[in-house]
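S.K.: Protein chains in written order, with the numbering used here: chain A, 1 to 262; chain B, 1001 to 1493.
Rather than coming from a laboratory, the hints here were simulated on the basis of the structure. By construction, the Cβ of each residue, glycine as well, lies at the ideal position given by its N, Cα and C atoms.
Lysine-lysine pairs mimicking DSS-like chemistry, simulated, CA-CA at most 30 angstroms apart:
id: 1; chain 1: A; residue 1: Lys-192; chain 2: A; residue 2: Lys-126
id: 2; chain 1: B; residue 1: Lys-1113; chain 2: B; residue 2: Lys-1079
id: 3; chain 1: A; residue 1: Lys-124; chain 2: A; residue 2: Lys-193
id: 4; chain 1: B; residue 1: Lys-1290; chain 2: A; residue 2: Lys-42
id: 5; chain 1: B; residue 1: Lys-1113; chain 2: A; residue 2: Lys-192
id: 6; chain 1: B; residue 1: Lys-1290; chain 2: A; residue 2: Lys-82
id: 7; chain 1: B; residue 1: Lys-1113; chain 2: A; residue 2: Lys-193
id: 8; chain 1: B; residue 1: Lys-1290; chain 2: B; residue 2: Lys-1399
Simulated coverage check for chain B against chain A, where a stretch passes if three residues somewhere in it have a Cβ under 8 angstroms from a Cβ of chain A:
id: 9; region: 1137–1151
id: 10; region: 1169–1176
id: 11; region: 1260–1267
id: 12; region: 1272–1283
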Amino acid sequence: MSAFDPITHRLRHGCQTMSFPTGQAPALPDRHGGTLRIEATKCAEGCTACLPVCPTLAVTRPPGKSVALDLGKCIFCDACVKECPTQAITQTNDHRMAVRRREDLQLGTIGEEELRLAGALDEKLKKLFGRSLRLRQVSAGGCNACEADVNVLGTIGWDLGRFGIQFVASPRHADGLLITGAVSRNMELALKKTYDAVPSPKIVIAVGACAIAGGPFIGHPQILNGASSVVPVDLFIPGCPPHPLTILDGLLRLLGKAPNVT
Amino acid sequence: MNSICEFLLLSNGTSVPWAEVPEWPAVEFVAATAAEIERGGRLCAWFGVPENAATRLVAVIAFDSENTLAVGRSAPVAKSYPSLTLHHPQAHLFEREVWEQHGLVPEGHPWLKPVRQQNGGHPAVGVFFRVEGVEVHEVSVGPVHAGIIEPGHFRFQCNGEEVLHLEIALGYQHRGVEEALVGGPHLATMSQMETVAGDTTIGHATAYAMILESLAGAEAPLRAQWLRAIALELERLANHTGDLGALANDVAFLPTASSCGKIRGDFLNLTALICGNRFGRGLVHPGGCKYDLETERTTQLLAKLRLSLTEVNQAAEWLWDANSARARFEFTGTISARHAAEIGLVGVSARASGLVRDARFDHPAGWHRFAPVPVAVWPGGDVFARARVRWLEIQRSGKFLEEQLIAPPDGENFTAAALPSGDTLAVALVEGWRGEVCHVALTDSAGIFRRYKIVDPSFHNWIGLEQAMRGQAVSDFPICNKSFNLSYCGFDL
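Modelling step: build the complete structure from the supplied sequences, incorporating the hints.
M.R.: Given below as structure tokens:
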């Protein structure tokens, strides 16, 4: 190999970083399905077909009420979508899923068919973090899929650094935490200590179904059903794991840099 | 097979009635297991099955060159048994695990301490091996690491730069997977299997599906077996490519690092093309696969695959041609073939020490019975060898996929599996990208899980990383670690 080989190769390829968010977002895989939408008015009287197929009890129908879907618990297996006889639960193919409040992931009430997507940090925090956000990542009972798709944002295709976002090697250097995993009891202390070691003001981002509510392991005595059990969470990014585009959208929303698409 | 083998023989992906599994009193059982290992066997799994107030020990042995598995069990043991580790170090962690889970003491075990459970606060609290000396110092790392990585605690005993000993304490990721399986399968079981080690979704999901199918006395349709084999190789391609990039990154060789980072994502996208999820979630189910690969999709997959293979070929060539990178990999973190066999390494780490050990080849099940994959072996046992085996496997997985994608079998993709039979033991091995994924299930009389044992390849291999670090500079830890790239959650379950 000549030392010029990689250089000529790079020149031939040009810039491999995607044009998003200035340009179009890359398409989700056609079988991905994106986030879910629920129209409880379409539910047949007394129908509970979707309930027994949900592996994480994300779909519920309290007696006398319409069906409700908690996208924080959802692992997007689409079993309910396939089971629903009236198309009350549908896939939207929309990659945007991040919210600021846990309750914004609850769908089903009339008028709340869709997610209430995350807004930006308040002006003070946006001023502090908007141009430079350093995050410490803590995997606390994660399966290494959320971790992998957070990692991918650092590759040349996504280049997270261009938004001023960077993962750092010490909580002391960080402005906040990005947490993956259901928070195993064995990680509770380490997570708490890491959080305490981050200087204030600080933010916490929970990535993936596990970090929001326990994911496939919800209810296991060995876990704490998500990051909120230990630390206050400022951004929830659903998915199992969330697509890198979903994670990026969440981070950009927080910093007020998400493209204005409807 | 030697005719004096006393264990019950079975092949990968099959099941046997629990009553037919031969039984010995504990002392004789340990001796019988040792004898099987001495005749060329290898310990795939060693675990306890609670029975009343006592526990039965079960051993699953692989005779790789004979393409067969063997299983035996002990009579119920209440307190202790003579340690197998004294004769066969590959049993060391299994015996610690049985001690932790069932309280059985392996008498004479040289280093009996918890594997992953709480031990007075958090997992790493406990005794660590210490090297004494005026100039000896200890380096303590983790559980939270300096990157986007899972947690674990490492203790290095160092003399200057040289690492005399490394001990790794895990358990931080413990989510109670095996415990939850008792009384199953449950509604969430399939999703939990897919996330035992999320980067090995296809490997673990396939092993689980094979278990349920064999317990039901059925097989998945051929087309589903074909699709599982394809997904398994895509998983291997993505992870091996990522590992080559990570190794290059750790020696600051950025052309390969940045290229492989991107190509890894492209391979993940090929899995997403099949099922919508980059890690293959929702594809494999007991009874078959939930998605099909239609002709048009196959054509698309093949075209993208070829492009990515060309790119990874280019990125790897830069790495192999760079003397400065090679010099960092060669003779770093060496494990000899004999050593690897003794401690029971599997997968890439075993093959990089020259051991011919690959479940796809040694214990073919599913589609691998019809489409064999050659074993990629490299002598040396160092970081270079582990990188090189990955590269050989990238090439062979690519070729396998190119051959298979143009010759799909016809037929159904899914048939609902029958209910599992009762009082039956089933074993499934799948060669995941890290190595052998082993699942063993035992049902009760009603056909529900009485015990379910999962052995991720990382369970065998963490000791390999510890041993590889002996005599190395502590600054070589990152490349040694990346060259093994083991799973924390797969170990911690």
